[in-house]
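Construct all of the structure, not just a fragment, from the sequences and the given hints.
These protein sequences, in sequence, are chains A and B.
First residue of the first sequence? That's 0 in numbering that gives the first Met the number 0, and the numbers climb one at a time after it.
First residue of the second sequence? That's 0 in numbering that gives the first Met the number 0, and the numbers climb one at a time after it.
Please keep in mind that the hints were generated in silico from the structure rather than gathered at the bench.
Every residue, glycine too, gets a C-beta built ideally from N, C-alpha and C.
Fair warning: there could be bad hints in the mix.
As the list claims (entries may be wrong) - Pairs of lysine-lysine, DSBU-like flavour, derived with a Cα cap of 35 Å:
id : chain 1 : residue 1 : chain 2 : residue 2
1  : B       : 86        : A       : 9
2  : A       : 235       : B       : 131
3  : A       : 105       : B       : 60
4  : A       : 105       : B       : 71
5  : B       : 86        : B       : 60
6  : A       : 10        : A       : 164
7  : A       : 9         : B       : 124
8  : A       : 10        : B       : 227
9  : B       : 131       : A       : 79
10 : B       : 87        : A       : 235
11 : B       : 75        : A       : 105
12 : A       : 105       : B       : 230
13 : A       : 235       : B       : 187
14 : B       : 124       : B       : 6
15 : B       : 124       : A       : 10
16 : B       : 75        : B       : 6
17 : B       : 6         : A       : 164
18 : B       : 86        : B       : 131
19 : B       : 86        : A       : 235
20 : A       : 235       : B       : 93
21 : B       : 131       : B       : 230
Claimed, not checked - Stretch by stretch, here's where chain A covers chain B in the computed footprint (C-beta under 8 Å, at least three residues):
id : stretch
22 : 60-73
23 : 141-154
24 : 260-270
25 : 276-285
26 : 295-309
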Amino acid sequence: MFRIIWHRFKKNPLSVAGLAIILSLAAIALFAPVLSPHEPTKIDVYNVLSPPSSNHPFGTDELGRDLLSRMIWGSRASLKVGFIAVGIAISIGTMLGAIAGYYGGKIDALLMRFVDIMLAFPTFFLILAVIAIVEPSISTIMIIIGLTGWMDVSRLVRAEFLTLKERDFIAAAQALGASDPRLIFRHIIPNALSPVFVAATFGIAGAILTESGLSFLGLGVQPPEPSWGNILTSGKDNITVAWWLSLFPGIAILITVLSYNLVGEGLRDALDPRLWTSEK
Amino acid sequence: MLSYALKRLLLMIPLTFGITLITFTVIHLAPGGPVEVETEMSLKASAQARENLKKLYGLDKPLHVQYFDWLKRFVKLDFGISFVDGKKVFDKIKERIPVTLTINLLSLILIMAIAIPIGVLSATKQYSIFDKLTTVFVFLGFSTPTFWLALILMIIFGVSLGLLPISGIQSIDVSGMGFIDRLADWIKHLILPVGLSAFGGIAGLSRYSRSSMLEVIRQDYVRTARAKGLKESDVIIRHALRNALMPVVTILGLSVPGLIGGSVIFETIFAIPGMGQLFYASAMSRDYPTIMGILVIGAVLTLIGNLIADMSYALVDPRIRVRK
Numbered sequence: 000m001f002r003i004i005w006h007r008f009k010k011n012p013l014s015v016a017g018l019a020i021i022l023s024l025a026a027i028a029l030f031a032p033v034l035s036p037h038e039p040t041k042i043d044v045y046n047v048l049s050p051p052s053s054n055h056p057f058g059t060d061e062l063g064r065d066l067l068s069r070m071i072w073g074s075r076a077s078l079k080v081g082f083i084a085v086g087i088a089i090s091i092g093t094m095l096g097a098i099a100g101y102y103g104g105k106i107d108a109l110l111m112r113f114v115d116i117m118l119a120f121p122t123f124f125l126i127l128a129v130i131a132i133v134e135p136s137i138s139t140i141m142i143i144i145g146l147t148g149w150m151d152v153s154r155l156v157r158a159e160f161l162t163l164k165e166r167d168f169i170a171a172a173q174a175l176g177a178s179d180p181r182l183i184f185r186h187i188i189p190n191a192l193s194p195v196f197v198a199a200t201f202g203i204a205g206a207i208l209t210e211s212g213l214s215f216l217g218l219g220v221q222p223p224e225p226s227w228g229n230i231l232t233s234g235k236d237n238i239t240v241a242w243w244l245s246l247f248p249g250i251a252i253l254i255t256v257l258s259y260n261l262v263g264e265g266l267r268d269a270l271d272p273r274l275w276t277s278e279k
Numbered sequence: 000m001l002s003y004a005l006k007r008l009l010l011m012i013p014l015t016f017g018i019t020l021i022t023f024t025v026i027h028l029a030p031g032g033p034v035e036v037e038t039e040m041s042l043k044a045s046a047q048a049r050e051n052l053k054k055l056y057g058l059d060k061p062l063h064v065q066y067f068d069w070l071k072r073f074v075k076l077d078f079g080i081s082f083v084d085g086k087k088v089f090d091k092i093k094e095r096i097p098v099t100l101t102i103n104l105l106s107l108i109l110i111m112a113i114a115i116p117i118g119v120l121s122a123t124k125q126y127s128i129f130d131k132l133t134t135v136f137v138f139l140g141f142s143t144p145t146f147w148l149a150l151i152l153m154i155i156f157g158v159s160l161g162l163l164p165i166s167g168i169q170s171i172d173v174s175g176m177g178f179i180d181r182l183a184d185w186i187k188h189l190i191l192p193v194g195l196s197a198f199g200g201i202a203g204l205s206r207y208s209r210s211s212m213l214e215v216i217r218q219d220y221v222r223t224a225r226a227k228g229l230k231e232s233d234v235i236i237r238h239a240l241r242n243a244l245m246p247v248v249t250i251l252g253l254s255v256p257g258l259i260g261g262s263v264i265f266e267t268i269f270a271i272p273g274m275g276q277l278f279y280a281s282a283m284s285r286d287y288p289t290i291m292g293i294l295v296i297g298a299v300l301t302l303i304g305n306l307i308a309d310m311s312y313a314l315v316d317p318r319i320r321v322r323k
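See below:
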């Protein structure tokens, strides 16, 4: 199964490039202590806002901290937020979508109205309202982005369940006396997962964008802990004198998010059975 | 059509009810809640003072009573008093809405004006260089943090070239200008915010109208139109485009919450006195009545956006009207 998917996935060179970039970013985040040339939080008052040079390839910020090192450490924040937030969103979305799709009727109608209501809130407003109450930190925003991002997944899973539960193999399992949880978890969910994987990949891209936006507004990852978003805040504060503070972190976000989107696109094509048959 | 519209309108009632319920729950999950905010500044606030404040806001009552009290006032558009300046929350929001709505409407128009032609062209010329270029643009559009793009454009057009103003919606000396100058000044201030908030939407909608168009072009009635010898432009515009645009309307409706949510970032960056900026300021100062007011109004605006989209969909597609 995985071999078929990989075989189809690698036909798209851009998606493969995206995957390569994602893997290298993960390696950079993992080996940040070894890779970063300077301490990310070391203040150097003699080198405040110095432009890119051989000692500081990306320049320094308003406290003289090395930008490249801060960006290397900052990659950890986006990776963590991306995966954990999407993990939360997918767990909730799959659970509620499965219940709605499997049981149908009133439960389904109620859950789907709940989804409609959640979708009516501009997500950014909802996130901001919660952050006004709870102290902003990296764990806060991971949880909030997850709690506000599950609706699309639940709709996808529900739709899969609606078609899958009519299929013969489910009737067969039912005839053999399988319980509801067993039917849901062992028989239907494994068959409903491919659109979820695709949505998860796009979801990580979205979560990284949201995290950087929140951190940029001072509501996400709190300094001195670096994140690409909060480095851009000092980019904005020093916009007239230090272009490098605005340029490099933004490009890092752009490339990362682009990579996840490209992988998502590749996965979608690779997992779409309609495209499998048309090829042979 | 009328019964469809009525049904759609009636559905808004439980949804709005749910919106108020979620808003209330979110805010009242707060550890401490509003009273802590008002008393945390002065450590000397006695237990008595706290109790008085709690009474004032009705916080000593059970939660469901508080909710229905709040809801009762809400229906009468009484959103309470802001913690920050003691003004009525409804008045504060009311004076901010026009700016935000204007910017969002302008960006919606911009999105349609640019995205639909792009989508149609790249569908009719599938796999051409133009199609490939727009695909690249679409992926960049999806992946660019727009607040960062805003910073870069501010550096280029505002700081380096000095062509465009980078904050507010009018110049300080605007009162001395004539109408034409004032309009020009206003447009100059809005170019960056409107263009930027449209940016992501253009990418999304052009992708969507492309695939919608690709589907329609393969339909039998398009082949029929060609077979009876119509000009290619007539086939595309009169037969294909009309049908391809129908689902696009729905997507426009769905993009409303994103636009409203995005206004927080743009209005903060460009110092535009709209609802987004007010929301950001209220969140920072924990101004609960204002936060709750904007949350509900933002969500209801989204519902209205969706309603308009569904209605126009029903207007152009008879199948929707007839179905049950």
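Now for the hints, and whether the structure bears them out:
| no. | hint | verdict |
| --- | --- | --- |
| 1 | B:86 to A:9 | 60 Å, violated |
| 2 | A:235 to B:131 | 34 Å, holds |
| 3 | A:105 to B:60 | 33 Å, holds |
| 4 | A:105 to B:71 | 28 Å, holds |
| 5 | B:86 to B:60 | 25 Å, holds |
| 6 | A:10 to A:164 | 33 Å, holds |
| 7 | A:9 to B:124 | 26 Å, holds |
| 8 | A:10 to B:227 | 40 Å, violated |
| 9 | B:131 to A:79 | 33 Å, holds |
| 10 | B:87 to A:235 | 33 Å, holds |
| 11 | B:75 to A:105 | 32 Å, holds |
| 12 | A:105 to B:230 | 52 Å, violated |
| 13 | A:235 to B:187 | 21 Å, holds |
| 14 | B:124 to B:6 | 41 Å, violated |
| 15 | B:124 to A:10 | 23 Å, holds |
| 16 | B:75 to B:6 | 24 Å, holds |
| 17 | B:6 to A:164 | 30 Å, holds |
| 18 | B:86 to B:131 | 54 Å, violated |
| 19 | B:86 to A:235 | 32 Å, holds |
| 20 | A:235 to B:93 | 30 Å, holds |
| 21 | B:131 to B:230 | 26 Å, holds |
| 22 | 60-73 | violated (count 0) |
| 23 | 141-154 | holds (count 11) |
| 24 | 260-270 | holds (count 6) |
| 25 | 276-285 | holds (count 6) |
| 26 | 295-309 | holds (count 6) |
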